[in-house]
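Visitor: What follows is the residue order along each chain.
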Amino acid sequence: MTHVSMTVNGRAVSADVEPRMLLVQFLREKLLLTGTHVGCDTSQCGACVVQVDGAAVKSCTLLAVQADGCAVLTIEGLAPSGALHPMQEAFREHHGLQCGFCTPGMIMTAMDMVARLGPDLDEATIRENLDGNLCRCTGYHNIVKAVAAGARAMAPASAAAE
Amino acid sequence: MNASTVTPIGAPVRRKEDKRFITGKGRYTDDLSRPGQAHAYFLRSPYAHARIRTIDTAAAAEMPGVVGVLTGRDLAQDGLGGLICGWMINSKDGSPMRAGAHPALAVDTVRYVGDHVAVVIAETLNLAKDAAAALAVEYEVLPAVPDLAVAQAQGAAQIHEAAPNNTVFEWELGDRAAVEAAFAQAAHVTEIDIVNNRLAPNPMEPRAAIGEYDAGDEAYTLWTTSQNPHVARLVLSAFVGLAPENKLRVIAPDVGGGFGSKIFIYAEETVCAWAAKKVGRPVKWTCERGEAFLCDAHGRDHVTKGRLALDAQGKILGFQVKTIANMGAYLSTFASCVPTYLYATLLSGQYAIPAIYCEVDAVYTNTAPVDAYRGAGRPEATFLVERIVDKAARELGIDPAEMRRRNFITAFPHQTPVIMCYDAGDYAASLDKALEMADYAGFPARRAEAERRGKLRGIGLSNYIEACGIAPSAAVGSLGAGVGLWESAEVRVNPTGNVEVLTGSHSHGQGHETTFAQLVSARLGIPIDQVTVIHGDTDKVQFGMGTYGSRSGAVGMSAIVKALDKVEAKAKKIAAHILEASEGDIEFKDGRFSVAGTDRGLAFAEVALNAYVAHKFPTSEIEPGLKEGAFYDPTNFTFPAGCHVCELEVDPETGTTEIVNWIAVDDFGTVINPMIVEGQVHGGIAQGVGQALMERVAYDGEGQLVTGSYMDYQMPRAEDFPAFKVGMTETRCPSNPLGMKGCGEAGAIAAPPAVINALADALGTQDISMPATPAKVWAIAQARVTRQAAE
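For the protein sequence lines, the chains are A and B, in the order given.
Numbering follows full-length UniProt numbering, in which position 18 of the first sequence is assigned residue number 18; successive positions increment by one, without gaps.
Numbering follows full-length UniProt numbering, in which position 587 of the second sequence is assigned residue number 587; successive positions increment by one, without gaps.
Check each hint, because a few of them may be wrong.
Unchecked claim - The calculated DSS-like cross-link candidates involving lysine-lysine, where the alpha carbons are at most 25 Å apart (straight line), are:
id, chain 1, residue 1, chain 2, residue 2
1, B, LYS305, B, LYS322
2, B, LYS725, A, LYS145
3, A, LYS30, B, LYS25
4, B, LYS19, A, LYS145
5, B, LYS25, A, LYS145
6, B, LYS247, B, LYS19
7, A, LYS30, B, LYS129
Unchecked claim - Just a sample of chain B residues kept apart from chain A, beta carbon distances all over 10 Å, derived:
id, residue
8, ARG14
9, ALA76
10, VAL189
11, ILE409
12, PRO716
13, LEU738
14, ARG784
15, VAL785
Think of the hints as simulated: they come from the structure by calculation, not from any bench.
Being a predicted model, the structure only gives us computed values, none of them experimental.
The beta carbon of each residue, even a glycine, is placed where N, CA and C say it ideally should be.
Model the full structure from these sequences, guided by the hints.
Guide: See the structure below:
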């Protein structure tokens, strides 16, 4: 067993874990944050995307011990006040989900897209940057619309007013 | 349209269920944990065909944290039966299908890579895996038959003793003599050979199960990723013999997609439930994606030869089909109906074809079982019909759109030669609208422009038809179904006027919590947030048939309508007493019961409260309370149909295919929520394009699965598609109260032939198989360049 400590959704957590425990297992099994999903075993589907120190990471690709000392943000931490984050709201408004299983990963990837590329995302850019996230329900059509709308809604008020 | 308003039918109401999914609060099976649960790991066969000589469990049982190691012999000793196939098919000679035994854990033989050899249950999944590595299994490897094309050949290894020549059935439908007569007078015959590629369904949520046994109540609970928990309970109770239905609760909580693959009753959930009693602990299993590729039921996998007889004007005279359908190593729950009654009955397509004859041989192979996958038989039928009609058009020099128009069924009802009686449709209307949206007339100019850029541009049509809401029950029973295909609903009005709807349908992405609530909101005139939809728990919903085959609108919602009719009728009786009017004078509109021609009335909630208070009506005549149930059995299938148009460009230098435009015009009858319906169409198209261009489950010659992960099996991604353009036409379905037809599978049915027809158009050849990968397309494109250079 190895001791790990990290901040998850703003809360300091620590636990003794098997060295082979993945970050996603740590989140789901130790912290009961089951919003982060596991859809494959080869780091392709993106259902497990979370933010680690501000960058999107597939949490099935990282050992829990590798996240020692890091700040992790999961889907549960996006809108702690209970209100929806603009990106969550955009997925609801544009029917960007059906079964909902890939959705947390999609939203976390979309957040990262905005952080990296800004709020003004065109369709081709969104489609290219969703390469690491699989959805079997939506044909991606409404996910693309949701990401574009969510990104716009995340624009700083000053930028939106310009 | 928000939650506090009444939501009319036809409004794009935002989904009620979304809040929990977008905030990470969904409750999928793997998200659940039971106190004291242990974890199961299945040891799977590494061979496609082998005899199990011995299984030595001693070392594994001694490994740290191991709670139990169980094999097929333990299962047999406890008297549990095998898994079943619930649809009997008879061969041409009248003999019943020859099904081999299907034990949940292998007893002495394994028949595909991934077949279940033993289960190890331990304190953690990792410890279970560690212990599984210590299991000693001695196999005698047998010759394997992974390829359906040679499964019936002389000398092929025999997979089940019960099925000589690996043949499950040799079935036929239609009139052979009439078809032969049609060919005798044909001016032209078009022939086509088709391989309908094997697909892995790949819902993003892998399957999972938790079995629990309460020794005090002597009762089981099974949480499982199921599209139809009641059917699972029935099968586990009546056939597997796990427990009587009243001692077995099956719960399908949030389910992350199914596409058919979660209809079936699999080995793993059966074993988890049984093992929970055996080891005295809740037993949890979650499928890894690699295991899902190995053992989730696959879809399609046909080899077909089609022949079309035509007159000189392109009018179809007869259609002859011979298909070999791969069943895999065992008959899965509904495997036998997919290549028969869900396939050959749709071979008339949208066309008036006087004579059709189809033969289907179903064969065992040493591969994973094959069963229903989105569309289930109907995509295979549509692919064949739409490919051969397109090919015929090109051979006869008739425009493909015109060819279709000449053969459309135009009068309804229309009895086809293959059982189905189409009740309503307007196929020309969908075609016209699709051609207009696609600017079909402008295509030659776009092709010329693409050619200047070095690209080969093609356009392809697909005029699909499907049959949904499989019913009536007596009719499907006469065709071999082991179950009825009705649906149930219960509408519970609470004293304060809000409503719970219990449905036998199950939502795993389809948005029932919204659409069903929308229907109730519109009918009762109450805000949609006062309606809660409950499904997926056999302790709450008495019985139901679940969700598949696009049945939940046409059948499930019809049952709700029937229950609402009863609620309204009773509420009117109660209102009449309170308002001191005759029952016949009570009108119900916009959520208000009123006395006709007066301003006297009561809100729905007031009547609801009075129903429970029961002070103001004679309870000797009217029972207190307001709760009604209904079972609805349809009188016919429903027949959604439409036209999809695919326009694409091929880069002859790389073989890549880019879809540049997609038009879908569908006739689903009445649409309750167009936002959700369009979403279903989008997803279906993506799966259909996946089949056409990317996806294929492949086994090597020894039956090893080659495509066992997302690194080998190409899933469609966002970049593979343009934005889809979706349009609708509408002819009401006459056989159900809402006029609905079903929309869940249309895209997956329509898309593959649209893509391949477009590729055929672009490449100038009909010889294109699915998936049309860049390697294949590049070879065809290069051959074309070489040919043109030589000319």
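Visitor: Now tell me if each hint is right for this structure.
Guide: Structure-based check of all given hints:
With a CA separation close to 5 Å, the supplied pair B:LYS305 and B:LYS322 stays within the 25 Å bound. The straight-line distance between the Cα atoms of B:LYS725 and A:LYS145 is roughly 14 Å, inside the 25 Å bound, and the hint therefore holds. Distance check on the hinted pair: A:LYS30 and B:LYS25 sit about 16 Å apart at the alpha-carbon level, within 25 Å; holds. Taking the CA atoms of B:LYS19 and A:LYS145, the gap is about 18 Å. The hint holds against a cut of 25 Å.
A C-alpha spacing of about 23 Å is found between B:LYS25 and A:LYS145, which places the hinted pair at or below 25 Å, so the restraint holds. Taking the CA atoms of B:LYS247 and B:LYS19, the gap is near 34 Å; set against the 25 Å cutoff, the hint is violated. The straight-line distance between the Cα atoms of A:LYS30 and B:LYS129 is roughly 20 Å, inside the 25 Å bound, and the hint therefore holds. In this structure B:ARG14 is not separated from chain A by more than 10 Å, as the shortest Cβ-Cβ distance comes to only about 6 Å.
Residue-level check passed: B:ALA76 sits 32 Å from the nearest beta carbon of chain A, beyond 10 Å. No beta-carbon of chain A comes within 10 Å of the beta-carbon of B:VAL189; the shortest separation is about 38 Å. Residue-level check passed: B:ILE409 sits 29 Å from the nearest beta carbon of chain A, beyond 10 Å. At roughly 8 Å from the closest C-beta of chain A, the C-beta of B:PRO716 falls inside 10 Å, breaking its exclusion from the interface.
Non-interface status of B:LEU738 relative to chain A is upheld: no Cβ of that chain comes within 10 Å, the nearest being about 21 Å off. Taking the minimum C-beta to C-beta distance to chain A, about 29 Å, the non-interface status of B:ARG784 holds against the 10 Å cut. At roughly 29 Å, the least C-beta separation between B:VAL785 and chain A is larger than 10 Å, which holds for a residue marked as non-interface.
Hint violations for this structure: numbers 6, 8, 12, all remaining hints satisfied.
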